[in-house]
Every structure is written in structure tokens, then in C-alpha cells.
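One letter stands for each residue in the lines below.
Protein chains: 2
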Amino acid sequence: MPEQKKTIKDFSQLIALLKEKNVCKRTAVAWPEDAHTQEAVTRAAQEGFISPILVCSEETAEGYAGRHGFQSVIARTPEEAAQKAVGLVREKQADVLMKGFLNTDVLLRAILDKEVGILPKDTVLTHITVAKLPEYHKLLFFTDAAVIPAPTDKQRREQVRYVVDFCHAFQIDCPRVSLIHCSEKVDERHFPYTASYATLREEGENGAFGSCLIDGPLDLKTSCSPEAMSVKRIDSPIGGDADALIFPDIEAGNLFYKAVTLFCRAETAAVLQGTMAPVVLPSRGDTVESKLYSLALASLISR
Amino acid sequence: MPEQKKTIKDFSQLIALLKEKNVCKRTAVAWPEDAHTQEAVTRAAQEGFISPILVCSEETAEGYAGRHGFQSVIARTPEEAAQKAVGLVREKQADVLMKGFLNTDVLLRAILDKEVGILPKDTVLTHITVAKLPEYHKLLFFTDAAVIPAPTDKQRREQVRYVVDFCHAFQIDCPRVSLIHCSEKVDERHFPYTASYATLREEGENGAFGSCLIDGPLDLKTSCSPEAMSVKRIDSPIGGDADALIFPDIEAGNLFYKAVTLFCRAETAAVLQGTMAPVVLPSRGDTVESKLYSLALASLISR
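Top line first, the protein sequences correspond to chains A and S.
So the first sequence is residues 1 to 303, counted in full-length UniProt numbering.
So the second sequence is residues 1 to 303, counted in full-length UniProt numbering.
In case anyone wonders, no lab produced these hints; they're calculated from the structure.
Remember, identical chains collapse to one label, so a pair may be satisfied in a single copy or spanning two.
Okay, derived cross-link-like pairs now, SDA-like style, lysine to any residue, Cα gap no bigger than 25 angstroms in a straight line:
1) 232 x 36
2) 232 x 103
3) 9 x 174
4) 185 x 105
5) 84 x 73
6) 121 x 190
7) 154 x 190
8) 154 x 187
9) 185 x 78
10) 9 x 265
Just chain A, same shape as in the assembly (with noise of 0.2 angstroms):
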């Protein structure tokens, strides 16, 4: 008899999980030379999933890297390090990336980079979200607050099954994902999105992302209270139950992680997916936990 596997409902879960699985990846720091970093990078490697590769000034490298026994590579400037950091994903000596601190340009950029960047030619870069609500009943994953403005078809169809993929990687069999809008109506005219919504709701259907449900247009409500659901007696495989939500643009998504973090007491994890390796690229005032819990996800994701 198959082992039962077990939905991942929160972020100490997924702590649990990587041990278990004894997890570790090997996690390439780009410019770790703030307090923030180095403790969500300490922490992480205390609870074992990652085994840093710092790429740092010399300072931190004698310092902070030698106290703990990291490995480190010296870079002079953050530009270098940035670099240094994407050429250790390059070139497999590095399993997940990491931004420390310096500006996303500077990173974004040196990943970017047609030559020696880390992002396949004609793969979708988008961004991740998993954030637990205390006023939801289990992790909610969403896209994209921070990289593409407004998805193509193409795009926004990665976005699904980069989802979807997430999800099942939480051990979540059938994660229900909901294409966001503000009503359940198609309207072609007024909103061109709701159009390529009810593409995707087909190919879904059809098994273009494996074991899921896809519904949308619909809107947060509906897709995250069943009894909403019930009083606008809409029918939907969502059942009012979403795992996973997909955002009509950048103003929408980043909207929402927003909101959930300043005012609803969120906590998130969030990571960068089409590249070589998964990124972790925390917003400056983003908390520890937060990069700990990022770096939680890319580790479980990372191949």
C-alpha cells in the first residue's frame, strides 16, 4: 500500500517536510552583507536544507562565513557578486540563487544576461507567492506580484503550470486554481483577459497541466468563501476552496501581496520561476521569516 502523503498547510510543514526528506541545496548568496540576509541564511542552514555558498566581501568572508564554517567566494562589488553568484547556477555548482543585499536591478540583470544569464531562451520568468493567511484555512499560492506586467497567453499559461506544479510539490493532489477577476462574467470587450481565462478553463480540462481543477473568471470571493460562492449561487469546481490564484496583471497581484502583508498579518514566501535554478528575491523590509520561508520554497522546488 502506497504511503498517504501529506498536504503541506503551513510553513513549519514545509520545514518538516525538507528534514524529512533530508533536503539540502546547495544556495548561492549574491552580496549577503546585511544583518537580515545572513540570519535568514543562518537559520536555514541550521535547520539543514540549505548549505550556503556565500559570494561576499572579504570582510563577510573572514567574518560571518568563517564563524559558521560557510563556504565562501570573495567578490569586490555587488555587481561582481551578482555575477559570481549566477555563474555558480550556470554552472551547476549551485542548485538554488539568492539575492542579498543589493539592488533586484543589479541581480535581475546578471540573470538576465543573454550570454551568461540563467533564464532558457523562450522560458517565461514569472514570480510566486505563497503566503499563509491567518483568516484562511491553508497556504495560498498566487501570481505574479512583481515581474510580468501584463501576461501574454503564452505567459500567463507558465503561469498555471508553474502553479500547479508548486502545488503538487506542497503534495496538494488536486490544487483548485482560480483565474481572478472582478465578476464571473466573460467579456470579451471590456476585460480581454476573461476571453483567454475561458481558453485556459479547457485546456485544463483537457489535462494540459495534469492533476488540477482551473475555474475563472471568478472572483476572490467566490473563489476563497464557500458561502459567498453559495449567496452568488454560482457553480464551480472551486468549490469556494482555492489553492491557488492567478491575477489579471501586475496591479492586481501586487495589489494583493500587499494588502495581505500590511494588513492581514500574511505570512509569505515567494520565489522567481523560469530560471536554471529557483531565485529568492525578498523586497527590501521584507521580514527574516520571510526569507527564511522563501528559501524554504525554493529549496522544495529546486531540482
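Using the hints provided, position chain S relative to the given structure of chain A.
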């Protein structure tokens, strides 16, 4: 010495202000055939700030209206109730209009009718929400969660004007209005809205909207958190202390509305603005409190 006016910071203060000012608005209620609408109307009438005119079935007129001594006008169908209630506003026999147990489309059709409706020619119709979030220290005004899919420059300007007027009615002398976007950069190519934001900011500085501070594009965190603003090293007159948020489009506005009501235990009030009288247009599934607060909001801003 003029009396110092006290800023309204939550809905109980709003209701207290209405009492203090002896506000009592004649409120036409279209088809109040459900318990939720009736309960909200009864409570608002008991608080004293509305005098209801129920456009209802014969049964409701004899039962509910009779029991409470409310004025009533008989209608045979929801459509007739919508037309008659709109007619009361048009004939200046009602100061506020409220939707009862009928489809939004039915009431909107009567409101927007070119011959006998109540939207003056060339007037912008928009939806304004006031929310009290447990995690924010004051009321938050925002637009547009429900009506305008993608605001034109003219519509955007009126949104700002209405919101500033609302804030003034809540005795906020110099409201801070944030033009919301996913980042603080003006980027006309990817995000055409951000260019119109820059224009609005200039108009605001030149006094086009009366006493207020307008800035944007700004993201939600920078707008509502002094800490986030300082981490990002942004210098904005909003100071992480926004009173009002202007959202780029209906996708963003609607999502924010639903996120805060579903996941942040927000209390909300909302009205349509632009019509000859404010319109309370609750959604199915809105709480009795939300309907009551919306009536209070409409009563305050009705002229």
C-alpha cells in the same frame, strides 16, 4: 474662536456626527423585500439619520412598513420599484437611494435611463468605499471597486475630486491621497496610468481639488506604512499615512475591496457618486452593518 472640528475615525463616530448635526435624509429604498435590507433600514431609522420611503410590495407595505410607521409606495415588480424609487430622487422627494432585494442591473438601468434617470449628462459615475481595517489607525477611502473598468483622465480626475470631498465631509482638513501603482516609477510604456498620475499630482499641487496632498505613483505599503516608506527611502507628502487610495483600474480596486473584507475583517461602507443623490448599492452577501454604514455615509454626503 471657531470650534475645532473633530476628524471622523470610525463608523460609530460617523453615526455620532450625524446625530450631532441632526441629519435626517429621506431615503428611497427600492424593493426592500429581504430581512437584511429591512434590518439595516430599521436600524438607520432608529438612529435617526434616515426617514425611509419604501418602494415595496403590498405585503411589505402592510407588514414591515406599517409596523414601523414607515412611508411606502407600492410596486408590483422589482423593475417598477427601481423606476419609482429613481423617480422619487428625480422629483427631489428623496435625498438618498438604496438598492434592496433586486439585481444591480435592474436598478442601474433605471438610474442611467437618459429620459427619466438620475445621472446628469457628462457626469462621471463612480464607486467610493470607506473602510475601517483593524490594522490601520484611521478610515481608508478608496475608488473604484465596482463601476469604471479603466478610468479615462476625466474619470480619474472626478474620482479624486469626489474622494477629497468625502474626506472633507469626514472633517479631514487636508486629506492625503495616494495614486496607487505597483512601484513608484512613472513608466508610460508599460503602465500608461502612471503618466496621468504625474499630471494629477501637478493639478493637485496647483489647488485643483481644494485642500489635500496628492502623490503617486506609490505602492500600497509606501502609502500606508511610514516604516515601509523609510525603508524604500522615498520622500512623499503622503508620509505613509494615506487617507485615500486611487486604484489604477477596477481589477485592482475590486480585489482590494474583497481582500480586506474577506481576510482583514474590514468594516466597509460604499456609495455610487455622480448621481443626483448618493446611491447605496450593496452586494449580495454584504453584512447588515455594511448596509447600515453605507446609509450613514450616503446621509452625510447627500446635499
